[in-house]
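> Residue numbers (numbering that gives the first Met the number 0), protein chains in the order written: chain C, 0 to 252; chain V, 0 to 252; chain W, 0 to 252; chain E, 0 to 252; chain S, 0 to 252; chain B, 0 to 252; chain Y, 0 to 252; chain F, 0 to 252.
It is possible that part of the hints are untrue.
As the list claims (entries may be wrong) - Calculated pairs, SDA-like style, for lysine to any residue (alpha carbon to alpha carbon, straight line, at most 20 Å): (1) W:Lys165 x F:Leu17; (2) C:Lys11 x S:Val73; (3) V:Lys165 x E:Glu92; (4) F:Lys165 x F:Arg146.
By construction, these hints were calculated from the structure, which means they are not laboratory data.
Number of protein chains: 8
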Amino acid sequence: MNAEQLRRLLKKVKSGSLGVEEALDQLRFLPYEDIGFAKLDHHRSLRKGFPEVVLCLGKTVEQVAGIIEHLLPVTGTILATKADPEIFAAVRELAPEARYYQLANLIVIGGQVATSRGEFILVVTAGTADIPVAEEAAITAEAMGNRVERLYDVGVAGLHRLLDHKRELFKANVIIAVAGMEGALASIVSGMVDKPVIAVPTSVGYGASFQGLAALLGMLNTCAPGVAVVNIDNGFGAGYLASIINRRRKRGR
Amino acid sequence: MNAEQLRRLLKKVKSGSLGVEEALDQLRFLPYEDIGFAKLDHHRSLRKGFPEVVLCLGKTVEQVAGIIEHLLPVTGTILATKADPEIFAAVRELAPEARYYQLANLIVIGGQVATSRGEFILVVTAGTADIPVAEEAAITAEAMGNRVERLYDVGVAGLHRLLDHKRELFKANVIIAVAGMEGALASIVSGMVDKPVIAVPTSVGYGASFQGLAALLGMLNTCAPGVAVVNIDNGFGAGYLASIINRRRKRGR
Amino acid sequence: MNAEQLRRLLKKVKSGSLGVEEALDQLRFLPYEDIGFAKLDHHRSLRKGFPEVVLCLGKTVEQVAGIIEHLLPVTGTILATKADPEIFAAVRELAPEARYYQLANLIVIGGQVATSRGEFILVVTAGTADIPVAEEAAITAEAMGNRVERLYDVGVAGLHRLLDHKRELFKANVIIAVAGMEGALASIVSGMVDKPVIAVPTSVGYGASFQGLAALLGMLNTCAPGVAVVNIDNGFGAGYLASIINRRRKRGR
Amino acid sequence: MNAEQLRRLLKKVKSGSLGVEEALDQLRFLPYEDIGFAKLDHHRSLRKGFPEVVLCLGKTVEQVAGIIEHLLPVTGTILATKADPEIFAAVRELAPEARYYQLANLIVIGGQVATSRGEFILVVTAGTADIPVAEEAAITAEAMGNRVERLYDVGVAGLHRLLDHKRELFKANVIIAVAGMEGALASIVSGMVDKPVIAVPTSVGYGASFQGLAALLGMLNTCAPGVAVVNIDNGFGAGYLASIINRRRKRGR
Amino acid sequence: MNAEQLRRLLKKVKSGSLGVEEALDQLRFLPYEDIGFAKLDHHRSLRKGFPEVVLCLGKTVEQVAGIIEHLLPVTGTILATKADPEIFAAVRELAPEARYYQLANLIVIGGQVATSRGEFILVVTAGTADIPVAEEAAITAEAMGNRVERLYDVGVAGLHRLLDHKRELFKANVIIAVAGMEGALASIVSGMVDKPVIAVPTSVGYGASFQGLAALLGMLNTCAPGVAVVNIDNGFGAGYLASIINRRRKRGR
Amino acid sequence: MNAEQLRRLLKKVKSGSLGVEEALDQLRFLPYEDIGFAKLDHHRSLRKGFPEVVLCLGKTVEQVAGIIEHLLPVTGTILATKADPEIFAAVRELAPEARYYQLANLIVIGGQVATSRGEFILVVTAGTADIPVAEEAAITAEAMGNRVERLYDVGVAGLHRLLDHKRELFKANVIIAVAGMEGALASIVSGMVDKPVIAVPTSVGYGASFQGLAALLGMLNTCAPGVAVVNIDNGFGAGYLASIINRRRKRGR
Amino acid sequence: MNAEQLRRLLKKVKSGSLGVEEALDQLRFLPYEDIGFAKLDHHRSLRKGFPEVVLCLGKTVEQVAGIIEHLLPVTGTILATKADPEIFAAVRELAPEARYYQLANLIVIGGQVATSRGEFILVVTAGTADIPVAEEAAITAEAMGNRVERLYDVGVAGLHRLLDHKRELFKANVIIAVAGMEGALASIVSGMVDKPVIAVPTSVGYGASFQGLAALLGMLNTCAPGVAVVNIDNGFGAGYLASIINRRRKRGR
Amino acid sequence: MNAEQLRRLLKKVKSGSLGVEEALDQLRFLPYEDIGFAKLDHHRSLRKGFPEVVLCLGKTVEQVAGIIEHLLPVTGTILATKADPEIFAAVRELAPEARYYQLANLIVIGGQVATSRGEFILVVTAGTADIPVAEEAAITAEAMGNRVERLYDVGVAGLHRLLDHKRELFKANVIIAVAGMEGALASIVSGMVDKPVIAVPTSVGYGASFQGLAALLGMLNTCAPGVAVVNIDNGFGAGYLASIINRRRKRGR
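Let's have the full structure, built from the sequences with the hints guiding it.
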């Protein structure tokens, strides 16, 4: 929505031909920028409360760079997920302040300041191999301004490691449970707490894990209510969802 | 946790042999009642913020009746899901005040009073055939004390029906999107709002819907972040999850 | 292997034309009875330590009755699994002493005397709806002469119910964990003990449980070693396997 | 069908031993050229309205080159799909005028002149990563003489980008909707227009997209009628189908 | 969109506050009727060229009747698919002129007059058991005003039956190929003609047909370009798609 | 191909306008009878060596009866597979000599005389529950004029039952191995003999047998070469295939 | 079975302590050579009519070489399937006369002399990309002493290419149909002939071919009886099976 | 559980505020070491009878090295499974005595001394390609102090190789059956013996083996009772399970 468009819309409101509420709704939907191979949704921040995020999977290095080049002047926060080092090299050319979290394959430019106080999101993993996905979730949530705590490698093979951290579980506002193999962690955690548990199945495992299918099905069939499932390896989605749930409360206070 | 057990625990706290925090943790975990074919988790209300719910699937009429008979003296709210009329007949013998929502296969005894004010949960369906699952979600959330609004049959075949209700979408605190077939509703809704969208795939459809698999996969792969998926036809789980998310905000205010 | 056959074999041994070891091997393999639509493996008891078991699935009432009629004079113990009441009616005609465990769809004739002392097999279930499969396992093991203890409805939605019975878990010689839905019980139990855990996925659940597939995959991918998986709803197989593992120890003492 | 064969056939017609209609039918079926590892269907152009297309997948470079070498003297248009640069290098040796569309892995030799007037095919994609498949469709349709318009990256995460181009959707004669992940674009588009929508699922995505299965199932289960689905990543098939539908109309006018 | 709404819109156009094009767009999107459990898309006829169709699957008899009761005064043509006799009984109460095609489980009220001249749609089946789905397609297309020809039981087990009807294949404007089991019919037909072939997999078959999956996959993987696939058993979708393709041409002439 | 058609064809041959070989080819392809809902392939007997077989699945009683009514005057042998008693009742009206093999759901009218001498086909099953499918195979082969021997219930749980019949295995000309559950019988048998083994997976089993998928995959992956697999429960297909293989040899001698 | 063992067996026969038939049976089962990581089944040639074949998949180069080193002195024919060039290099060290068919990944040492007369096996493919699997089948059959004819690239996209070779189809004794994608070739061919058709699905294709699953299911569900299916890409298995079927006839004459 | 924690616990016991049994239970659950990316379960040895095992899959070289560095001072036995040579290089830096079994991708440090006397575990494989998984099982069991015997390449294609070793099968205390492709070995072996058979499906095979799915399903559906199944390629799990079963017996004596 460029200036000209905006001007016309406001004139309509002024003249009374467009109601305030209708104008608001139009504003929620209109603006994006067409760069040929992509239509940048500059207005997403207004509508969704967070700017558009770049999923690098299946895009060429040039496309990712082109998208970020056009996003940079418009938004304070850019996330690029599933990004390999080659993509990061191209992004750093454009934005020297870009940070690369290699384990999580995540690029962050700007982002809100993570706080260490107040309601927090707890990210737990069943094992060490689940950490890349967990970090994708944690860093996403931090870039969205949340306090995040981590509790890694507390899977059900040694349940006492989890029970030993009951207090963190009880204190968290939202919990993200990241697990591959049989994915039982989500059920265990959700059975213990009264808050939303976002379950992220990972492709960690082999054989009949079928690249995360076993964990996914397990989490969908949890006998403990209160579990929300996202796609296999979708750490970003979990961090985003946790953030908008957590924000509810913080804004409320 | 009967009186005797409680007395002993409190004596320990008094004598100082048990710290206050430790006692709290024990209280969160201990009490249940063993009736042979079931172990009733009377303490779930304290731990999870809502009493144990009876999933009738695979249980005999006698088992369901036996469980409810033991829950009745202890809890103010009982939900029994996937309940057929025969089960309801047996339950009404025990609790004449029980209400049966036949479309949703749901029995409710007691429950909190649904309010018509404040933050609300919006339940939307793609079609008319998705209503049974949607009602399971809506009634569950109402029984947990939430205000619930319904918006049915606004699937993507006639998108204007949904766009016409943008305002309800913008006002809701949490949205439950119920859809079978291709399940696109969840993506559409989530692309428009900045709040959590709980996606419930239904088994509505035929052929390559594979009893809800198509909708489930579609919802897990949504390109619009902020979507939490539950099991196919799991209206109860969606209503429960929406409720604990909604509660966050309400408590906050 | 009828008397005539046996006589010839023994003559060979006596005459030295057949070694003792070779004769033994032949004895392990030979005898069965051909009744047209079935070849009754009368010798299985010698070879496997337990007589042939009749899986009723897919057999006509007449076929089951015919098989049992021929087994009755030969063996002291007959098990018929997945048997419906119509089959039992026919069996009772032949063997008035036959016992029918309706919940488990199991017919037992004879069988060893279950003992209440010594090493025991513990059968645990996640929920009430898993009990039919659990009973199939438990009764099978009892008919094979084992002491069996039951611990039902201790699934992960209320973990304290399980933790409260740690002592039974620690004391058992073999554990059978029966669970549908996400099947996490097997992992939890196996993570706590140093003995074999036989995991039985059940078809309890709906939607993405896919008739037990979710539980099956979960159990196969357990992160806690020491878990043996059998087919979905295969209570008999679990009871049988537990019995031959338990027997090892008992014979040893 | 070489000259000799043709001569004989025509003689029969002339002599009356073969009716005109029968001769026509034979002409539709007969001619091809056998080069050992392939039988080139030189007559396909007559029968199908477009010459044989070379799917490079699973063929050696030598085989593709051999096929094209024999097609060159016979046909004015050659398409080779799923072609990697090594194959193109070999083809360029034979036909210096060959054009390589690297993003689409497509080689075109000759082809009809794409027009910029008249009825057009609109190719829309949900995201940037779907462009390679979309280009395969678009270039195929152009090589078959159609006017093609492109509308890329208008997926449902930012629905206003699509709604903003309603006019193009309304004006197109046929629409090709290319989408991975949940594939909802096809349903949305088809719900808005009264023309055929050809849905192309792509393998873009990860985890539970299962290499395009989620998009495929979603598109097959669309609740908006008027959707035709082709294989995952089959841009060529979509372009071809759109072309023969579009041709209907153009011929009609 | 009732009269009042229309009047206001037209006033805006007259006053110049709304452009003609914008008004058109709004007209395409606005009107529907809310009857609680359904939102009737009365405007679909304008937008899609055919009124809303009622898929009876998963709806109660009362819901279907309620929907049709509200559609009757507004539209000249009503189709109800996957309708059983009980539903038809209720519909006939409301609309005595309703026709029930039992083999196809299809109810038609009104509908355009099928013509016997001009461009036609050819519906072919592989076997006799595919006829119900084929009739759903054929009657749908007829109700949409198309001339339809039928060619049943010409599957590849006796290819000469199909080859014997080459002339019908060559003359048709659009072909619908309906087949279960291996679904090869679609490939064969498409290899012979230069027009769109709409492939409908059916659930006819057993064993590894997996309720139509085999036919579906076969049709998606056809080596003959020009094939559009719809959902398993989706005769209605095929008839609808064929109709909007066929209409192109007829309007053109 | 009626008399008139034949006459014309022969005249052409006589006049020399049609070569002998071409006439033969036409004879292989032409004749069928169109009865509306079916096109009866009366010529199949000539082309395939056996008349058309009626698969009753998905056909109405009236359709099956209509087909058989038209086949009766033309062919000496009619097979109708997957036929239930209601269908048989209708068929017996038309053909009192029809025989019904209820276990195999097979109707036979006429058929060749099974011989008890010469090369034979051996049908083996793993269990009693596999007999219906085995009988479908055996009776089909007998109706096609083969000598058939049966060896039932020799599955791998009691291998000695099979090893005890090695001589039959060695003597048979073709073997059909019918097995559900894990389907290992086919591998075992094929590892012992030097003749074709036709493997028929059955849907016998439960849980992870997935209606015969386990047996099907097992048989396809056999490590013993010489195994031909047919569809799950396709006894007819196995009997037919065995017959045309067996015929090879018999003709040879 | 070394000389010593043989001597003892023969002595028994001579002394009458072992019947001739029993001795024969023992000879069929006994001899193999244990080389640690493999037990070479030297006797397979006697039992199966063809020596053991080496499947290289999953074996190290050293293991394959070791096996072939031990087979060389014992057998006149060695086949090694799925062999890459590195393996061939090692084999040629041991057997300079070894031939490598790179397209088919097949190594042949010795083998019978393929004849160009008499009954032949016809190998047909749908496309050029199916040739590697077809060659594996053809060369296997030739190495087993059969006359083999090839007919490649006659898939259903250009059916006249196949119909043009009807005579070859009619003359062949056994047909091997090799096809990927939808695999319709097998049904077409089998519908035309009265001889066994061995169907080999290949992994040629992409997207919803799911690595050959589509072709496999299509072939299993063929509506034309007389089709035997082997594993995806199992050219060897098809060639072997065709050979033992073909041998029947040839021996017979 | 460090010294300080232990001291406090013991003081409680001494003072009587903690019973002996309760103290024992706490000891079973408490101690682990938190190194950030992992929580080392130092106490597993006490609880499970064997120290924590490192599954290298999905872990970086640094993470594996870090874990082993912390385990080294605490435990006498370390196993690292699915370890590639690069990981071994890093481990050898820390523990020069580490042994690498390359075929099995297994690192062992310390471990109990395998004995050559007493009850033994027998590891059998169907083929040579199954040996890597079998060795993972065998070496694991040896490192846990068991006597292990190996019997490789005795699959059902040459059954006499297995029957020739009946005596080993009869003598073993526990049997591990490792097989890919159709996985029939487990059923055959279990049908012959009266002891637990642990079935390990492997991913050996191609086409419709679907990376071990065929073998997995086959083993789960075995018709011979007494089979315990573990995950595809899970040699470690099988070795571990066999060891705790074997230990039962040994302790018993």
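> State for each hint whether it applies.
Cross-check of the supplied hints:
| no. | hint | in the structure |
| --- | --- | --- |
| 1 | W:Lys165 x F:Leu17 | 17 Å, holds |
| 2 | C:Lys11 x S:Val73 | 35 Å, violated |
| 3 | V:Lys165 x E:Glu92 | 59 Å, violated |
| 4 | F:Lys165 x F:Arg146 | 19 Å, holds |
Checked against the numbered hints given earlier, the structure breaks hints 2, 3 and satisfies all the rest.
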